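*Asks:* From just these sequences and the hints, can you work out the full model?
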Amino acid sequence: MGEWKTIVVGVDGSPGSRKALSWAAAEAAEHGADLVVLNVWEHTLLPPAGSVSVSEHYVPDPSQRTAEDLVQVIKEELGERPPVLVKPQVKQGRAAKVLIEESEGADLLVVGKRGHGGFAGLVLGSVSQHVAAYANCPVTVVR
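Take the numbering used here: the last position of the sequence shown gets the number 143, and nothing is skipped along the way.
Calculated directly from the structure, the hints in this document are not laboratory data. One thing to keep in mind: the hints can contain errors.
To be verified - Subject to a maximum C-alpha distance of 30 Å in a straight line, what follows is the list of computed DSBU-like cross-link-like pairs (lysine-lysine):
1) Lys-97 <-> Lys-113
2) Lys-91 <-> Lys-113
3) Lys-91 <-> Lys-75
4) Lys-113 <-> Lys-87
5) Lys-97 <-> Lys-19
6) Lys-75 <-> Lys-87
7) Lys-91 <-> Lys-19
8) Lys-19 <-> Lys-87
9) Lys-75 <-> Lys-113
10) Lys-75 <-> Lys-19
Unchecked claim - Here are the simulated distance ranges between beta carbons:
11) Gln-64 <-> Gly-32: 27 to 35 Å
12) Glu-3 <-> His-43: 35 to 43 Å
13) Gln-72 <-> Glu-3: 26 to 34 Å
14) Ser-22 <-> Pro-138: 12 to 20 Å
15) His-43 <-> Lys-5: 28 to 36 Å
16) Gln-129 <-> Gly-13: 14 to 22 Å
17) Ala-133 <-> Gln-64: 30 to 38 Å
18) Glu-80 <-> Ala-133: 34 to 42 Å
19) Arg-143 <-> Gln-64: 26 to 34 Å
Fair warning: this is a prediction, and the values are worked out from it, not measured in the lab. Glycine included, C-beta positions come from ideal geometry on N, C-alpha and C.
*Replies:* Quick look at the structure:
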């Protein structure tokens, strides 16, 4: 396998994405690669079902809150001093589309498998399946 310079990992805070983050960090450390930790949020104008008003769920800058959450997840999974250069990024859009775009400059794209029970657990989640089919670099799906 050739030298890796950049590994991109999609992280949404779920247990599967946290496993993907840990796995990607270990690979980045082994290969001397930078680790881009990417969180994608999708803007919606609809309040959660059953809520009283939109204003109680209004967040002035969702990307700032998301960035803070992402940094917290990185610290929880990799510690205060990760063994690799970590580049947290928060982008707005559809997760699969943004991950595929980010795969353009990556040597490896890492995503977690969506956690389901029963038969659904035997297949990949829609984002990981789409990314695996259309990414511009090799993809690893972490179980």
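*Asks:* So, against the hints stated earlier in the document, which numbers end up violated here?
*Replies:* When the structure is compared with the hints, none of them turns out to be violated.
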